[in-house]
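Since the structure of chain A is provided, determine the placement of chains B and C on it from the hints.
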Amino acid sequence: MFRIIKRTDLTKKQSVIFRIIAIFGALVATSIFIMLIGFNPIDVYVSMLDGSFGSTYRFKEAIIQAIPLIITSLGISVAFRMKFWNIGAEGQIIMGAFAASYFALYHSNIPTGLLLLLMFVSAAITGGIWALIPAYFKAKFGTNETLFTLMMNYIAQKFLMYLQYGPWKDPNALGAGKIALFSDNASLPKVFGIHIGWIAAIVLVILMHIFINKTKRGYEIQVIGESENTARYAGMNVKKIILSSILLSGALCGMVGMFQVSGVNHTLSYQVANGVGFTAIITTWLAGLSAPVIVVACFLFAVLQQGGTYIQTAFNIHSSVAQILQGMILFFVLGSEFFIQYKLVRNRSTEHKIGKEAA
Amino acid sequence: MKRLTALMLTIVFVCMAVLSGCGLSATDNSENSSSTSTASGTTASGSSSTDANGLKVGFIYIGSVGDVGYTYAHDQGRKYLETTLKDKNITTLAVENVPETAEVEKSINNLIDQGCKAIFATSFGYMDFVEKAAKDHPDVKFFHCSGNKSNGTNFVNYFGQIEEGRYLSGIVAGLKTKTNKIGYVAAMQIPEVIRGIDFFTLGVRSVNPDAVVNVKWTNTWYDPQVEKDAATALLNEGNDVIAQHQDSTAAQIAAQEKNAFAIGYNSDSSKAAPKAYLTAPVWNWGVYYVDQVQKILDGTWKAENYLGGMKDGVVDIGPMTDLVDADIKAKVEEAKKKILDGSLNVLAGPIKDQTGAVKIPEGKVMTVEEQQSCKWFVEGVNGKINK
Amino acid sequence: MKNEVYIKIDNLTKTFGPVVANNNVCLEVKKGEIHALLGENGSGKSTLMNMLSGIYTPDSGSIYIKGKQVTFKTPKDSMAMGIGMIHQHFKLVEVLSAKDNIIAGQKESFFIGNKQLSQKIKNISEKYGLAVDINKKVYNMSVGEKQTVEILKVIYRGAEILILDEPTAVLTPQETEGLFNILKKMKQSGCSVIIITHKLNEVMEISDRITVLRKGETVGTVNKEDTSAAELTNLMVGKAVDLSINRVENNNNKTILDIKNLTVVDEENVKALDAISFSLSTGEILGVAGVAGSGQKELCEAIAGLYPIASGSIEYKGENIVGKNPRDIIKMGISMSFIPEDRLGMGLVASMGMVDNLILKEYQNQKGVFIEKKTARNLAEKLINKLEISTPGINHPVRQLSGGNIQKVLLGREIESNPDLLITAYPVRGLDINASYTIYDLLNEQKEKGVGILYIGEDLDVLIELCDKIMVVCNGRITGIAEASKITKEQLGLMMAGEHMEKVMGVGM
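Top to bottom, those sequences are chains A, B and C.
Going by full-length UniProt numbering, the first sequence opens with residue 1, and the numbers climb by one from there.
Going by full-length UniProt numbering, the second sequence opens with residue 1, and the numbers climb by one from there.
Going by full-length UniProt numbering, the third sequence opens with residue 1, and the numbers climb by one from there.
FYI, nobody ran anything at the bench for these hints, they're computed from the structure.
Remember, predicted model here, so these are calculated numbers, not experimental data.
Subject to a maximum C-alpha distance of 16 Å in a straight line, what follows is the list of computed EDC-like cross-link-like pairs (lysine to aspartate or glutamate):
#1 B:Lys135 - A:Asp184
#2 A:Lys214 - C:Glu372
#3 A:Lys216 - C:Glu372
#4 B:Lys132 - A:Asp184
#5 C:Lys91 - C:Glu145
#6 A:Lys60 - B:Asp113
#7 C:Lys31 - C:Glu160
#8 A:Lys216 - C:Glu362
#9 C:Lys199 - C:Glu177
#10 B:Lys375 - A:Asp170
#11 C:Lys8 - C:Glu33
Isolated chain A, as found in the complex (with noise of 0.2 Å):
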């Protein structure tokens, strides 16, 4: 018989240490799975990691995958600290994509400086503008805003879609439903062979992290977060931080569209967000909202990806066992909120005897 008892004394490092015993724990189970499908789990993993670090170029893609979901991540993590639960990042990346795309197919012609510039700030104020739709009628009439951002995402996707088999289809393309490739003056430059995302995601890392703990707007972000109450008792305005903090997030991931399009795609399709917007929600969780470790959270997920991606052609596996490790992870670690609140406390035997004479 066990008693379950509400935790109080749990630091933040012992709740980490949980975090990182459920990832373990989701290893070991993913690896009966490997087994009953009939591979060595060790094997699969070490050649997973292969996948990721055994070549520059592997390693190179990791990177690229890493990108967008840090970015995307540190976008979430704005919202979720202020407990506005954005589950649109999908929709905000797919609409800077968007905005990104027009100067890129439309405008090609201006200097490349000049063109990403353009197409960096109109993806950023494309993507705000998405999110803050929601945060607007929520503040506005009180909507849901968990239901609200995830069918903005519904819409963002036929709406490039309509635009990839309508409007902007690529004439030479002979009526295939595609657009036509970026010309390179809209392209990224690339810096060690990655496109500079990676140094705007460092970079983004370091300001998002000075922004939430040393500047007066982070942390009143900090204080929404845990009661709004004490906010306007503090004399916040709250609703007006709360909209412009979500203005930011969606801007986060409006640039991850831009990212993409340009340093990745070099073309725009309605699967440019290719779900990161949805496992970026995981890797924020995973990573408690904090910047840096966001960038851990992310890692580790790209070179999942990325090695899910190489066992299905060096092992002959199914890549969706990555996927499965995705789930399982993050089973786990929703599981290990349960032991970091509470604890399970084994009974006396003892008292077992007494109690069943007693009654």
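The following block gives chains B and C in isolation, referenced to the frame of chain A:
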């Protein structure tokens, strides 16, 4: 905290739905165990893989090998390549479910990273990415299926004269229909699909000049639900035979549910819809794959575009089921014989477009360029192509 | 009265992590007695009762009910042995009637006829004088009525031993009297009652025997006849404590706050404050008495600019502040240390440390984008010394501090902002006697500096001793404002129940 946990659970489900829906990752076939595995052999060491004994060949698929359709046909070709050249130390790597986005570029790079020196990219929309990759990787040979671009050095396109198979299946449909209305579920408005509809219709009208072919576009290669909905709509409009150009068997299944008949595509789908399936134009890519890989191994490979016909064995009409009456079968066999001996060229004029204007005059044959830029419907097609 | 022992608790020990909540506690309750369990906050009363009602399981020691050793795994086990617990927060379903609440969860009741049921409940209520309309919905009931339903419920379920956790905290004096009558009737019919409280006068009034707990240990059990309030206090606190609160004389009489016809309307369109008018001078403590939920919260929030005002004016230093935002009001020197029931709901950010909480109202005065915390760190150190706040560190989450320390942080911050008007609600709620007196001293210190203080309180004794004037609110209206030195608790109680002062004073004098 409680609320957040609940939210996270919701998100997990959403993520799962989204990830599985948009085919985030490429996946490999699990059926065949002999194929890939670096574990069991050839650790690719870059430059040596073009040697006479050993070559890594990569395949990029738009769909899943389990689709019993287009991708399945290519994968059959891959398997044929492997068994035929078993003793030549050929290794094949395949990536499934690669959308026509920058994923293509990534998949190509991944395959090259793992040592592939020849890559078959099997979907039209991959073309620009393959072109770019060919420029970046001059030491790798790229084969792009169904497109119209090539560079004369390491990037060629290949396809088959599937119109011959389409034409023959049109004969079956034209003789089978009672309402003289035939439905056609079509994927994308690209020349490949349009030609398929055109020559299917020509086949239909060669035996039944009163029949019309009604087209519905799905704008997807593989989305069983959308395809099924389109087929059902056509059936409700009175079409009693459904043909299709899709990568799934959804249209055939819809036909079976409405007690109608269906013409498949790519491969035999009699198992999916036994009460509806008649026949299908089919591919036999293995012939081409073996030929090309053998040439690479022999060092005789040249960058030549390829358009193989029924004579070469790349395209065919699949076995006709018992639902096809013997006299129809005979008519089809007769036409097939004519194609094989050269007395029937389905591409030969006169061919009129929807308005009745002659596009290919008598005595002329549709050229490869005309085929690759074909954006018009023949007479007898009821449908619209967006400009 | 027989001397049969109903409950015997022998050397019970219960630890929570490093904290020993109960250490070898012993208690004996006889049949037909009212037994008071007395102790300061954190002395282990609640832990002990939670073990007795099966919510906690003891680490060691034994419980005997009617001579038989028992182990409770769940509250159900305890209930089966005839123990009924009345919690401070009632566990009633608001939308159901009293009757439905009473029978809810009882298996057999499903098959018993409605009439039979009503009759059974009626019998119980007549026997113990539990007057309540059993068909009335709980949300329509007053606090006192709800408590009666709770009692009915546990008796209906077969309780012979009733445990009441601070039952009078939410009651008016009149309601308290009603409760005591019920308890006395129960005692006469052979039930045992354990009443947890820290109000000495009640203990002296109702109980037969008193067990005092201090820091998780039993200090002793005494008969009421053999003891006095002073002795009990000494037992509770462990040293002699001066119980009187000094009232600092007020010789500064400038009006600082003048409220006229203030009306606010809550979300359900009910007037939470109905045309109230009063004024507060510098150097004055104005106490506000009233049953919980009579409009105190709305009054505080209205002054602080947090509650929309329907009509009326709030003049602060001659300026009407209605319509100003909370930021501006803070800047004008109005400080509100509103301590809601959960203490951390509004005044403090639970997960943040002292430093981050101290800058809460001050940071907006800082220039630039960045936040500066050095001053706050120094202030934190200063407050820790000055107010004897015990915390592991200035950045340790305040959530993990004890109630007293949390309140010291909150009040300390408000006082450090040098306010001219201090609004404080329930500042000693949940504090032990020593901590409470520290807070009273702090308030008096401010008063001497000329700060006007609005003190929302619940302990009428304290209000009478600490405040200059006492304003009584009932249902959002003022029933009277009286000189604290000229009014009695009973009169205040009548006013809390809605009687007007003129009438009450007439009767009382």
